[in-house]
Amino acid sequence: MRKLPLLLLAAFAPMQALAADRVDLDNHVFLERVTTDANGRERVLLEEPKVVVPGDRLVFVLNYRNAGAQPADRFVITNPMPAAVRFAGAGDAQPVVSVDGGKQWGLLSALSVTMPDGTRRAAQPADVTHVRWAFDKPIPVGGTGKLMFRGVVK
Amino acid sequence: MMTAPVGGAKHHQLLPSCSLIACAVALALPVTADAAGTRAGSTISNTATASFDTGGGAQTINSNTVDLRVDELLDVTVDSSDPADVPTTPGATNQLLTFSVTNNGNGEEAFALTTIANAGGDNYDPVVTQIYLDNGDGVFDAGADTPYAPGANDPVLDPDESIRIFVLATTPGTVVDGNRGIVSLNAAAKTGTGVPGAVYAGQGEGGGDAIVGTTGADGRDAGAYVVSAATVSLVKSAIIVDPFGGAEPVPGAEITYTITATVAGSGSVSGLAITDNIPTDTSYVAGSITLGGSGLTDAADADAGDYNGTRVNVTLGTVAGGQTRTVTFKTRIN
Numbered sequence: 001m002r003k004l005p006l007l008l009l010a011a012f013a014p015m016q017a018l019a020a021d022r023v024d025l026d027n028h029v030f031l032e033r034v035t036t037d038a039n040g041r042e043r044v045l046l047e048e049p050k051v052v053v054p055g056d057r058l059v060f061v062l063n064y065r066n067a068g069a070q071p072a073d074r075f076v077i078t079n080p081m082p083a084a085v086r087f088a089g090a091g092d093a094q095p096v097v098s099v100d101g102g103k104q105w106g107l108l109s110a111l112s113v114t115m116p117d118g119t120r121r122a123a124q125p126a127d128v129t130h131v132r133w134a135f136d137k138p139i140p141v142g143g144t145g146k147l148m149f150r151g152v153v154k
Numbered sequence: 001m002m003t004a005p006v007g008g009a010k011h012h013q014l015l016p017s018c019s020l021i022a023c024a025v026a027l028a029l030p031v032t033a034d035a036a037g038t039r040a041g042s043t044i045s046n047t048a049t050a051s052f053d054t055g056g057g058a059q060t061i062n063s064n065t066v067d068l069r070v071d072e073l074l075d076v077t078v079d080s081s082d083p084a085d086v087p088t089t090p091g092a093t094n095q096l097l098t099f100s101v102t103n104n105g106n107g108e109e110a111f112a113l114t115t116i117a118n119a120g121g122d123n124y125d126p127v128v129t130q131i132y133l134d135n136g137d138g139v140f141d142a143g144a145d146t147p148y149a150p151g152a153n154d155p156v157l158d159p160d161e162s163i164r165i166f167v168l169a170t171t172p173g174t175v176v177d178g179n180r181g182i183v184s185l186n187a188a189a190k191t192g193t194g195v196p197g198a199v200y201a202g203q204g205e206g207g208g209d210a211i212v213g214t215t216g217a218d219g220r221d222a223g224a225y226v227v228s229a230a231t232v233s234l235v236k237s238a239i240i241v242d243p244f245g246g247a248e249p250v251p252g253a254e255i256t257y258t259i260t261a262t263v264a265g266s267g268s269v270s271g272l273a274i275t276d277n278i279p280t281d282t283s284y285v286a287g288s289i290t291l292g293g294s295g296l297t298d299a300a301d302a303d304a305g306d307y308n309g310t311r312v313n314v315t316l317g318t319v320a321g322g323q324t325r326t327v328t329f330k331t332r333i334n
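From first to last, the protein sequence lines stand for chains L and V. With this note's numbering applied, the first sequence covers 1 to 154. With this note's numbering applied, the second sequence covers 1 to 334.
The hints are simulated quantities; they were obtained by calculation from the structure and are not laboratory data. Just so you know, not all the hints are guaranteed correct.
[To be verified] Beyond 12 angstroms from chain V on every Cβ pair, some chain L residues (computed):
(1) R33
(2) G40
(3) P82
(4) S112
(5) M115
[Claimed, not checked] These stretches of chain V come out as covered by chain L in the derived footprint (C-beta under 8 angstroms, 3 or more residues):
(6) 49–56
(7) 199–211
[Unchecked claim] Calculated lysine-lysine pairs in the DSS-like style (CA-CA distance at most 30 angstroms, straight line):
(8) K190(V) - K154(L)
(9) K154(L) - K103(L)
(10) K236(V) - K50(L)
Positions of the beta carbon are idealized from the N, C-alpha and C atoms, including for glycine.
Could you put the whole structure together from the sequences, leaning on the hints where they help?
Printed below as a string of structure tokens:
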């Protein structure tokens, strides 16, 4: 638990240097380790990914900041899924996703995938190709926020 | 909580009621990894983009890129390919067990093979004489398959690749019908084995680390032989009928000999034949041989019996355990 604030501070550090840009978008990937303590309680640790193997759970964290002098309107953040990572949810702040390389967007539950035989099935997390957050209000000057989604190394 | 698209009013606090860590716990999902997964040494590269408009038209910026190198997972499984215990016989050599070794890791890996025949749980220890590496046809052929030499030709497998392994063993001559002998084949990653999660720094394919997977990078499975032997016992009896209606062994009396062959055990005997010399001072009664109650001719011909002037012979061939064969013939006392 103590590790995370330090890591996030580190994540913010380079943004200050880039303050000339109007919007900063900082991308960090953490490795999620689940351990069970002596009382049988599960503890989740987010670590710098030093060793990554198939099956590992990754947490992608995007920090944004409007460092410019004007509000940023029509603010949209898009993260294409790396090919070797399977989407595994995005917490309660459900983003819209694409399962067709970015052509169509929607909540995962509203999307479907065409099967080779022409039938359609409901989209699964493994089908996600892009994750997107679209803000319907401008980001004020100096406004910051944090987005996250999770993935599993295929 | 919100659903997308999320409102700008809360943009600064998308995870307002829980820390990132707490949310992660709540959302833990079961994970099934692909068979071998992303190849070791490949790079996971992540970049996000933000598009926005600050009054001068739409702009797009990229985030920094995070590159993660995928490390090598060391995992291997061994499976016995024999559907049941392999029958053997006492003293038999080159008795074959078949296994498959599969690289369940995500990198190319060499595996050291060993056998264990004395782990107990059986009746005897087969004597392993040679391990062979299959040439790819899945069928054992000592001329075509490669004898395994530890350290010299350890099989190197790609992720998800399997190789068939043949183990040859000798069955001790002292075993008896029904005895089982177990041989286990062990395959161990050459990079290293150990507790899951153990790291061999810098030894993974593609320059990363190698990490021991859930199998311990060490797989094993057991195959077994079962001794299938048979024994033959012969019982011979004689009934005398004299010319006067009695049972005295006097000249002219007829002797009916009955020979019963009983085969016992779970195996079978092959090439079984019953041969009996006609005793001196008696004469064979022509055409008197029977097998299972049916008459046989005296000539050496298509049927199983013959008389050659000195002895009676009945060829029984292969007889399975639990069966009997009864042969009779007659002689007359001179």
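Cross-check of the supplied hints:
no.	hint	in the structure
1	R33	violated, 10 angstroms
2	G40	holds, 14 angstroms
3	P82	violated, 5 angstroms
4	S112	holds, 18 angstroms
5	M115	holds, 20 angstroms
6	49–56	holds (count 7)
7	199–211	holds (count 4)
8	K190(V) - K154(L)	holds, 24 angstroms
9	K154(L) - K103(L)	holds, 23 angstroms
10	K236(V) - K50(L)	violated, 83 angstroms
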